[in-house]
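Chemist: Protein chains in written order, with the numbering used here: chain A, 4 to 357; chain B, 4 to 357; chain C, 4 to 357; chain D, 4 to 357; chain E, 4 to 357.
Honestly, the hints are just simulated from the structure, not real lab data. If you're wondering where the values come from, they're calculated on a predicted model, not measured in any experiment. Heads up, a few of these hints could be off.
Note: identical chains are not told apart, hence a pair may lie in one copy or across any two.
[Said to hold, decoys possible] Cut-off 30 angstroms, straight-line C-alpha distance, at most; resulting in silico cross-link-like pairs (DSS-like, lysine-lysine):
no., residue 1, residue 2
1, Lys203, Lys29
2, Lys330, Lys355
3, Lys80, Lys252
4, Lys29, Lys43
5, Lys80, Lys165
6, Lys80, Lys164
7, Lys80, Lys139
8, Lys60, Lys139
9, Lys80, Lys154
10, Lys330, Lys354
11, Lys258, Lys165
12, Lys252, Lys104
13, Lys43, Lys80
14, Lys80, Lys29
15, Lys258, Lys80
16, Lys139, Lys258
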Amino acid sequence: MARFIKDRIASKGQVPGSPILIGSQKMDQPVLRLMEYNPKGLVELELKSIDEAISTKSPGSVSWLNIFGIHDQDLMKQIGEVLEFQPLLLEDIMNTDQRPKYEEGDSYNAFILKLLSYDATSRTISSEQFTLVLGKHFVLTLQEQTNDLFKPVRDRIRNAKKASRLFDPDYLAYALLDTVVDSYIQIIETIGREIESLEKRLFSDPDKALVQEIYTLKTELSFLRKSIRPVKDLMRDLMRSENSFFQDKYLHFLKDLDELITQATEAIELYSAMISDHLNIYSTNVNNRSNEVMKVLTIFASIFIPLTFLAGIYGMNFEYLPELSFKYSYLIFWIVVICVVVGLLIYFRRKKWL
Amino acid sequence: MARFIKDRIASKGQVPGSPILIGSQKMDQPVLRLMEYNPKGLVELELKSIDEAISTKSPGSVSWLNIFGIHDQDLMKQIGEVLEFQPLLLEDIMNTDQRPKYEEGDSYNAFILKLLSYDATSRTISSEQFTLVLGKHFVLTLQEQTNDLFKPVRDRIRNAKKASRLFDPDYLAYALLDTVVDSYIQIIETIGREIESLEKRLFSDPDKALVQEIYTLKTELSFLRKSIRPVKDLMRDLMRSENSFFQDKYLHFLKDLDELITQATEAIELYSAMISDHLNIYSTNVNNRSNEVMKVLTIFASIFIPLTFLAGIYGMNFEYLPELSFKYSYLIFWIVVICVVVGLLIYFRRKKWL
Amino acid sequence: MARFIKDRIASKGQVPGSPILIGSQKMDQPVLRLMEYNPKGLVELELKSIDEAISTKSPGSVSWLNIFGIHDQDLMKQIGEVLEFQPLLLEDIMNTDQRPKYEEGDSYNAFILKLLSYDATSRTISSEQFTLVLGKHFVLTLQEQTNDLFKPVRDRIRNAKKASRLFDPDYLAYALLDTVVDSYIQIIETIGREIESLEKRLFSDPDKALVQEIYTLKTELSFLRKSIRPVKDLMRDLMRSENSFFQDKYLHFLKDLDELITQATEAIELYSAMISDHLNIYSTNVNNRSNEVMKVLTIFASIFIPLTFLAGIYGMNFEYLPELSFKYSYLIFWIVVICVVVGLLIYFRRKKWL
Amino acid sequence: MARFIKDRIASKGQVPGSPILIGSQKMDQPVLRLMEYNPKGLVELELKSIDEAISTKSPGSVSWLNIFGIHDQDLMKQIGEVLEFQPLLLEDIMNTDQRPKYEEGDSYNAFILKLLSYDATSRTISSEQFTLVLGKHFVLTLQEQTNDLFKPVRDRIRNAKKASRLFDPDYLAYALLDTVVDSYIQIIETIGREIESLEKRLFSDPDKALVQEIYTLKTELSFLRKSIRPVKDLMRDLMRSENSFFQDKYLHFLKDLDELITQATEAIELYSAMISDHLNIYSTNVNNRSNEVMKVLTIFASIFIPLTFLAGIYGMNFEYLPELSFKYSYLIFWIVVICVVVGLLIYFRRKKWL
Amino acid sequence: MARFIKDRIASKGQVPGSPILIGSQKMDQPVLRLMEYNPKGLVELELKSIDEAISTKSPGSVSWLNIFGIHDQDLMKQIGEVLEFQPLLLEDIMNTDQRPKYEEGDSYNAFILKLLSYDATSRTISSEQFTLVLGKHFVLTLQEQTNDLFKPVRDRIRNAKKASRLFDPDYLAYALLDTVVDSYIQIIETIGREIESLEKRLFSDPDKALVQEIYTLKTELSFLRKSIRPVKDLMRDLMRSENSFFQDKYLHFLKDLDELITQATEAIELYSAMISDHLNIYSTNVNNRSNEVMKVLTIFASIFIPLTFLAGIYGMNFEYLPELSFKYSYLIFWIVVICVVVGLLIYFRRKKWL
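Next comes chain A alone, as it looks inside the complex (with noise of 0.2 angstroms):
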């Protein structure tokens, strides 16, 4: 199956903006995570519906809900409802195959990017749909399946002291966004390493299996560019809009944020330009090396051949034949056979061949 682009025949000839998951169901039924707390306290509940955030929200606190599972499509209706999404922004979401992107509503500012992980014993790496929402008074976070990459945040969020910043819903969005941003990081970490130690065995175990791991990297880079890339428009989109709900104080870790993709994208660009020179030492080191099979072979030859030839001479059965009752002959043909093995591990020591 295409892995880099998927399929959209399922979509086609709906009315655009109708919410159908374009991608595979990973999980069977949606879970609702909400957090709900104030510099006075803490609720952590899960949920059996959307209705039930909206009931327990209480003035002054910040919620954020994280959805789990994003094929349900009543559930992801009644969030686009609720919400007042943009008409196309529900199926944006629930195309799994959606190029990251920002957008803004009147009541809401939405990032839609992927989540990475990578498998270092099948050396791949898999993508899954993210979608953060930032409202006035809450953060809406949804995922295709349940995984613990926020816990760091949620462990934050409980230990947090009165004044934490995670009590303004931006900063809440913006450490969400950090924690994944920090993970392609890492991602590219890992297979920066693997590329790197790819180095010794190019030149001392040049051998076949090097080719088809320098094509996975290679492949998986470039998978991480079409992630990656996008997500540097995204932040210019945001950084540049008059109308996000980021308060002014906070435009300082947008920033650093943004330099982090550049340095993301940079590293991306940096290891693709690596594995490509990769492939050229290794195809330099295959003709070394058939070069070197090649001299072998030729001294070999070069020398024995005629030499063979040379006792093939006085093998022939010629009644007439002078040589063969000459005395010294057995003498003369080894010197003459020395001569020619010297002459000829000369000739190949001048031509640098030895």
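Given chain A's structure and the hints, the job is docking chains B, C, D and E onto it.
Modeler: Quick look at chains B, C, D and E alone, frame taken from chain A:
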């Protein structure tokens, strides 16, 4: 015949702006299909002439006139006059090699782009000229031949409920363009899948036919790029225009379309890079295998050529050749043979050729 | 002789702006052809001097003076004086290596570009300097030699009906430029066709001559790019200018011309990429075939060299060589031979060399 | 360990902005060196704490506090508080993988960049985090370890005469940055010299080790590019800023610094292209030599293998083999041998293999 | 010694702006040549000191002081003081590795660029620092050594008639810059011609030396690019400046100069691409020839190695070997030989190796 740029010889020396079909005529008689509808009802007609379309026009309803066949000069001229086209627009519409573009007149927005279709068996993309003209109350589409690409849109019109956006001609235009762009994405997907399926054969069975397949896919991607990339300019021109007939409420839809095109071009670049990588890897693998072949040759030749010489020596018929009559000669001969073989095997193993 | 940049040695140390022909003179005597026409009639004359052109000038009519041969310094100086050229313009017009450009004076718009023609037999593009000067009531064109590129335009003038746009000098200028650009497109087409025709030979019959053809086409494309790409800048300068003599109503024509140039440069890039791919594919195919050749060699040598050694053993003349007198030796010899052959064939098949 | 991007795992889940050293700690105890001077005199002190620096501060004089060792969290926090750093700046300063950048606060201009040093023996570049903070009356510099890169600047301060620009803190900052950039240029020079020295070996002695050297230099250049290119952005941000502490009279110095960085990055690109060319040339030379080797093999084998066959024929023991008893057979044999040799030599010469 | 970036070690730790020659000193004693002229007359002098130039200065005339030798610090300092240079300008003038640039002061416009000269025998470009300072009433030029590049300009001054533009210092500056740029074009031409002359050898006689020539030309082009490309920035800075001393009437001349530089850089890129193509083609040709060589080897070996085995069989000395005594054995042997040869030849022809 040149495929990436078509024959303009026909038009040479012609008055610029004269409507002549550049490209091959794909059907005999143009077919005109009209859908005229408003919330109260829908009329579907097959028309004989453009006049009929004008005469049946009832106020307050949306007309979508779909013309299949753009080779009829009289028909095209009539259209140009009725809709008050700019001088060169007709020529552009009839030039099937026209670069996709957006053009605005007082009474119309014209979109010229390509309908693409992919034949998986022959691995060829065929391209067809597609023009969409959006007016205040109508949409006119021009295709080179009949096909059912827009059937889903027709069906949606047939089933349209009262509040449907389809009662806005600009939304209808969007829906049609979205269908076209969707079809691009599907073709890219299909080619992408083929490219990714090559990956396995690259390592398991890198035969000669693979090069040709790689080459074909590379060419198809070039063709896709040529057809799709200008659509980004088209979208940019449209979105920058202040006089287009698109209402503000549909701006989000245009932005979404624009993102889809961006995603399509990014996917094309990604697959192009991938197919280039494939060729590099293939080439490296060929060199690797040549290296293997040469090693086998060298090992065989280097072992047996010296031995053959050795046997040749004692096949000589010299009268005076003392070893011949020595009793243990044959035994010693075999011992030497075994030593040579073992010595060379050790040598080759040290060189990691075995 | 250097082909991509011509000899400026002649002009070295000269006062900048002095009119000296850079390049080779292509004809003896300049030829001046005048068409002067208005809706009432047309006069066609072959003139002796530039003065005649001025004297015959009647108000209200359009003059198109076409001069073939730009080497005559006196003539060129006179033109420069009559039309009040900027100091360096004459030098540029006479420098056949001048980069295409647009220049505006108070009384003229000057376009310097290249006329290209392609000789399919020798596969060479030849280039000729072309200057078009548009004034309020006249068009002046300068070519290096006589040819009939603009015959279609002349014919259109001869047949012009009352309302013809050709009675506007700016439209005449457009029509001439359009003819030039059209000729570019045709050359690109022709070369494109040749490139595409190489494709088949690439796989069926990749002989040595093919490299040279690929190289020639690559060079021709570079030459085309060099000649055509600056025309985009020319068009941009023209369209940005607020003082050009082009009326607003012809803006659409200029935009169309601009698009044509864009399409031409895109096609050049496309074909350049294609021809580079051709070379890569060719190279991979050569390697593939080397691999094939080596496999055949290896199979033959690996089978028969050991067997020859075997035969060599029993060709030795040792007095004590027990197998010689053994009755079934010869039979066993053949059995061994067959085993070796079969064994190696199985081995090579496993390696997929057979 | 990945070298191009460092471990952020340590900081994961941390509150953004918390001061933790990312990278390895390079010394035990931070060292604080203060230079406080005005036209009347200079005080040089080694301090214990940041408080001392504040207490010794006398109005009207310039302070340059140089801190070696950035791993002490308490010290760093204190600095952050005293200088009123933006929340994330401290984290950036302590993250040795931070991309070079310029940041402006109300009371400071901060520059984060890299100190690079090149070890010619091991051919590795080592990188150290360097931060310069410019205030109204002071300059603070932070390095990872002690070194004497800035000794020349210290000496100039010690010898400063009355009118010296060094009494302006902004000029001092410039002088320090200039020293850093100068050290970049020197490293590029050194690597450049090594690259150019490879050139000769490329043609005289293209052994296997050369590939590894080429690879190493390529990697070092990538590392330099990564460290130096962002400094251009830093300079651009600084020069665009309207609130920097640089006086207008020093603008020329900043422009000069900017040009130096441009020159450095251009040199890096130049050398990168050069080293890529080296690899290409090397690769072509290897192919050339393989071709040579194969020619020698082919000449030897093609001459002697047929001759050996010839000799083999007359070594056969057929009872009926008429040539054996023919008197001139041996003479004719030699004539045939000579003809074959000469014929093949002519053939090979015609093919230009000899 | 590194050629692309010169030694800055000498200047390290120096006060920025101090005038020290970076690069090698090319002559002993600076030479000062003054031309002072107005429409009434011309004075040519060889001066001892800069003071003389000032004292001889008569109002209303243009002075052109040409200094050969820029290593004399006192002289340079004096110039800097008299002309009120910005602090770092002198350092830039004396740094022969300075990137070309334009700088404006209140009383001068300074242009730093390179004089290039090409030695066709050794195929090396040598570069010399050139500074032109344009004041209200004078032009100062600084070169590293005496040469007669500007002789044509001197001659034009000597022969200048009343209305000559040379009585404007800005035009004089233009004329000198034009001479420099013209010399660039000529060098590019010369190298271009050499590159194009390689083309034939590429196909007729692709020997090893060709690689080295290709490499040398590639390096020279890199050097040219490095020296000439920044001149585009210089021209842009000059043309954007609103305070330059160039009068509006000479704007056309500057534009022309700018176009010339554009043309030069385009030609460099073109030739660079061409030389890269040359290397690719060369490489493909080497592979092609290796393929040829291997075919010859394979054909010879594959035919004669099996035959040798055949002959070997009947050279065996088995007592019981029935064919030996069979009367037609020898005849049949030859028939078999001929069949094998013919069979293999047909096989090779089918594979298109013959």
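Chemist: One pair to classify: Lys80 and Lys164, alpha carbons no more than 30 angstroms apart. Within, between, both, or neither?
Modeler: Only across copies: Lys80 and Lys164 sit 19 angstroms apart there, 36 angstroms inside one copy, limit 30 angstroms.
Chemist: Under a CA distance limit of 30 angstroms, which applies to Lys80 and Lys139: within one copy, between copies, both, or neither?
Modeler: within (21 angstroms within a copy, 33 angstroms between copies)
Chemist: With 30 angstroms as the alpha-carbon cut-off, assign the pair Lys80 and Lys252 to within, between, both or neither.
Modeler: Classified as between; 20 angstroms across copies, 34 angstroms inside a copy.
Chemist: Given identical chains, is Lys252 near Lys104, meaning Cα to Cα at most 30 angstroms, within a copy, between copies, both, or neither?
Modeler: both (23 angstroms within a copy, 20 angstroms between copies)
Chemist: Is it within a copy, between copies, both, or neither that the alpha carbon of Lys29 lies no farther than 30 angstroms from that of Lys43?
Modeler: neither (37 angstroms within a copy, 44 angstroms between copies)
Chemist: Up to 30 angstroms between alpha-carbons, please classify Lys258 paired with Lys80: within, between, both or neither.
Modeler: The answer is between: 21 angstroms across copies meets 30 angstroms, while 34 angstroms in one copy does not.
Chemist: At most 30 angstroms between C-alpha atoms: does Lys43 with Lys80 qualify within a copy, between copies, both, or neither?
Modeler: Intra 33 angstroms, inter 28 angstroms, cutoff 30 angstroms: inter-copy only.
Chemist: Is it within, between, both or neither when you check Lys80 against Lys154 at 30 angstroms Cα-Cα?
Modeler: Cα proximity of Lys80 and Lys154: in one copy and across copies (28 angstroms, 27 angstroms).
Chemist: When no copy is specified for Lys80 and Lys29, does a C-alpha distance of 30 angstroms or less occur within a copy, between copies, both, or neither?
Modeler: Cα proximity of Lys80 and Lys29: one copy only (19 angstroms, versus 45 angstroms across).
Chemist: Is the C-alpha distance from Lys203 to Lys29 at most 30 angstroms within one copy, between copies, in both cases, or in neither?
Modeler: Between copies, since 26 angstroms is at most 30 angstroms while 39 angstroms is not.
Chemist: For the identical chains here, do Lys60 and Lys139 meet the 30 angstroms Cα criterion within one copy, between copies, both, or neither?
Modeler: within (13 angstroms within a copy, 47 angstroms between copies)
Chemist: Within, between, both or neither: how does the pair Lys330, Lys355 come out at a Cα-Cα threshold of 30 angstroms?
Modeler: Neither: 40 angstroms inside a copy, 43 angstroms across copies.
In summary, the numbered hints that this structure violates are 2, 4, 10.
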